[in-house]
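J.: Chain by chain, the residues run as shown.
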Amino acid sequence: MSVDTAPMTSGTAAPAVGRAVFHRLLLTVGPIVIALTIAGLILLAVGVNPLTYYGYVIDRGLLSPTGVQQTLTRMAPMLFLAAGLIVAFRAGIWNLGGDGQFLLGAVTAAASAPLLVMVMPVWLALVIAFVLAALVGMVWSLLPALLRAYYGVNEIITTLMMTFLGVSLANAMVKLVFLDPGTTVPQTRTLAVEDRLPRLFDTTISSGLILGLVAVVAVHLVMTRTAFGLRLRVVGANPRAAVHAGLNVPHLTIAVFALSAALAGLGGAVDILGVQGNVRADWNPAYGLLVIPMVFLARLNGFATIGFVLLLSVLSIGGESAARRIGVPNHFTLVLIATVLIVLAIVEYVDSRYLSARRS
Amino acid sequence: MTTETFTAEPAGIPIVSLEGVTKRFPGVVANDDVDLQIWPGEVHVLLGENGAGKSTLIGLLSGLQQPDEGRILVDGKPTVIASPRQALSLGISTVFQHTMLVPTLTVAENLLLGARWWRRPDKESLRASVDEISRSLGITVSLDAYASELSLGEQQHVEILRALIRHSRVLILDESTSMLSPSGIEELGTLMRQLVERGMAVVFITHKLREAASFGDRISVLKLGRKVGEIAPDRFSRLDEDTLISEFVEMMFGKRSGDPEDVPRVPHPDLERKAPVLAVRGLGVTPTAVAPGLADVSFELRPGEILGIAGIDGNGQKQLADALAGQAPIDSGTIELDGRPVEGTPVHARRDAGLRYLTDDRLGEGTVGSFPVSINLLLKQIGDAPFWRRGIEQRAEIDRRAIQLMTDYDVRAPGPHTPIGRLSGGNIQKVVLARELSDGAKVVIFNKPTYGLDLANTLATRKRIGDIAVGGKSVLLISTDLDELLGLCDRIAVMSRGRIVGIVQNGDTARTDVGRLMGGLAA
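In order, the protein sequence lines correspond to chains H and V.
If you read the first sequence in my numbering, its first letter stands for residue 200, the second for the next number, and so on.
If you read the second sequence in my numbering, its first letter stands for residue 190, the second for the next number, and so on.
Think of the hints as simulated: they come from the structure by calculation, not from any bench.
Only true hints are included.
Some, not all, of what chain H presents toward chain V, calculated at C-beta under 8 Å:
#	residue
1	Arg-424
2	Thr-425
3	Leu-429
4	Arg-430
5	Ala-436
6	His-443
7	Ala-444
Just some of the chain V residues that point at chain H, by a computed CB distance under 10 Å:
#	residue
8	Pro-535
9	Val-536
10	His-537
11	Tyr-546
12	Thr-548
13	Asp-550
14	Leu-552
15	Gly-555
16	Thr-556
17	Lys-569
18	Asp-573
19	Phe-576
20	Trp-577
21	Gly-580
Yeah, the Cβ is synthetic: ideal placement off N, Cα and C, and Gly gets one too.
Work out the full structure: start from the sequences and follow the hints.
T.: Structural data, given as structure tokens:
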């Protein structure tokens with residue numbers, strides 16, 4: 200998997216660039232079309248008209264007014280997670296612990312915000328809740344970070360394991376420590392609707408969407424335009440060259456984990472402070488693992504990531520409605536995304552074989 | 190040419206014979222018109238420096254590679270050795286320098302690998318045949334031990350055993366002694382003698398002159414892909430060891446006439462009177478499982494001086510360069526640059542102080558292949574003004590700098606934004622040269638600077654190294670090419686097993702002195 204495909208070149212001949220962009224577009228859109236066809240055949244096999252299903256998903260996820268508002272609102276936490284993944288993957292670090300970091304950030308925000316609003320202005324309470332969530336996310340990534348930086352322990356395993364622990368810890372905290380004494384269902388205190396992140400204009404879209412977009416764009420610019428981002432990319436693309444160039448690889452590794460996990464924690468906070476208002480026990484949306492394929496489909500490009508997160512959001516909102524109305528299980532969304540990824544990998548392989556064959 | 194050899198040889202035909210074999214890789218001719226016969230009952234020593242083409246020759250014999258020209262005859266019949274499997278079925282087994290046993294399997298399991306997949310592994314008959322073979326050879330091998338528990342010598346015994354179980358007729362031992370203790374080497378010598386007495390042919394590859402003389406029956410010397418000499422068994426047995434060794438040295442290190450790579454050395458007078466710019470004292474690095482260490486390395490480098498580091502590859506040269514550049518921690522010793530200790534400072538501080546390092550691994554370590562030339566030119570200055578201001582990339586400045594350096598160093602690339610991995614080796618080398626030599630270089634460490642380059646780029650790089658020294662900078666030139674060192678250096682240090690075993694003043698006797706030190710003998 201090539202980690203660094205972002206165009207750093209500019210100003211070469213225009214037709215060549217045009218062709219390259221078209222080629223890239225074809226390589227991205229083509230697999231999606233093929234995957235939709237394959238998934239359509241699966242739908243046919245289970246007796247559902249694929250056109251009805253797709254039409255319904257698009258209608259409920261993108262075209263109907265309530266659907267599109269839900270879709271845009273759901274993008275916020277996913278965008279934060281995606282931003283965290285872009286940082287990590289560009290630096291060659293596989294932080295797969297996003298869900299644990301996300302959920303602990305969410306619980307932190309849910310536990311702190313209702314208490315903070317009682318003693319300080321709402322805006323300050325929200326800012327502090329965000330900061331706390333980011334810090335908790337960072338702390339949860341510290342162990343994998345240190346193990347990776349100083350002992351070379353594979354972070355895929357450690358971050359995944361920390362996610363199991365993090366999800367369980369978050370649940371335990373909800374049930375044991377931050378339980379709302381006012382209700383019988385196990386959940387945290389609820390942040391009053393008027394204290395949550397403001398909605399955009401006259402819609403139900405949470406302003407968390409803006410924060411998420413800012414996070415992704417900021418991460419994209421940091422990674423492509425700054426010295427810090429370049430250092431991280433050098434570490435990711437060629438760790439030996441990073442040592443040769445005198446970069447402090449362990450420190451950069453820890454910085455990557457901290458940033459990535461903080462963004463995941465913020466993702467948890469934005470979902471709570473903007474939409475949910477509290478964390479119920481056993482709540483785990485598992486957005487983190489869903490977002491990973493989107494980030495790869497976007498080839499770690501921030502702007503493309505926004506597009507793919509929108510797609511994921513449409514599919515998941517539309518898919519939830521379709522599950523209720525057409526009876527296709529909710530998990531079919533995952534089948535669709537997985538098919539896209541597999542087709543994408545195959546197309547990529549065929550394309551590189553074709554290119555190298557043509558060159559020689 | 191073969192008929193002549195045939196009449197001069199003992200009765201019969203060679204098991205394997207190479208006729209005019211040539212193998213090219215991009216930019217290098219690894220084997221150039223090589224003739225070689227492998228006879229039963231003989232230990233055929235292949236002697237040559239790094240890059241002489243020994244490994245390629247083994248690759249051809251073991252079916253890993255195919256010759257571009259010439260042919261290979263097995264039992265007198267032209268044969269294509271298409272794969273390692275086919276080489277084995279023809280009776281050619283190879284024991285590589287690094288053993289190829291699966292560490293998590295037992296010896297028996299390792300020996301049973303490679304059988305037909307539908308057959309049940311037959312441990313009983315294996316045990317019987319191993320017993321018989323090991324008894325007759327006088328070696329003991331525990332079939333139930335895990336491969337990872339064995340010493341390197343024992344692992345080699347297992348591999349030799351595997352060759353015998355497969356009824357191999359030719360056993361190729363690729364630098365098998367490089368990892369062995371002195372007693373292990375003696376044992377291997379005895380074993381080879383026993384194998385050839387059974388009628389096998391052994392091809393023994395080594396750098397070490399003494400081993401070549403004491404274990405061989407016939408010797409072929411390779412140099413830069415060409416076979417430059419052969420001593421047949423009748424003559425081999427008549428000569429005593431010292432005469433043999435001096436003949437080896439002459440063949441391996443002897444001067445070529447009319448060599449385009451020959452550069453007249455410009456002596457640098459008055460070196461002795463200048464204060465050293467780099468002083469290294471008692472440098473020590475602990476060896477690891479995969480890399481040799483350094484022990485008590487000391488030398489001084491004066492302004493305008495070129496000090497060569499000669500030695501067989503993998504004797505600590507890379508570790509020395511890494512330690513000097515600050516890429517690897519040291520355990521003991523001091524490094525003084527301009528009289529200031531720098532052993533505790535990080536890479537970029539040493540670079541800022543004028544210590545520059547051109548790594549031998551241009552693509553693996555020196556550059557990031559997917560990044561543009563412009564960024565690779567600044568790889569060691571990320572974040573520095575004027576290319577970054579408050580951490581923000583200044584593309585115009587970066588491009589201007591890149592275009593200027595590319596012009597100055599004649600880098601041929603479509604543009605500064607071309608990924609450096611798409612350039613040729615020579616152009617990548619120019620980018621690295623431009624990066625390291627610009628802006629205040631004082632001491633430049635070159636690690637194998639011409640490795641893998643074509644002739645024109647080799648000559649250009651050597652000229653640049655000479656020019657640097659004429660300009661008053663100091664050069665530490667690590668190379669495995671003795672002619673390169675003799676052409677450029679003022680003094681040549683020889684490294685062996687992480688130590689400097691001698692420093693030779695470049696002059697008329699330097700060639701043989703360094704050659705003897707490299708071959709493991711006192712100068």
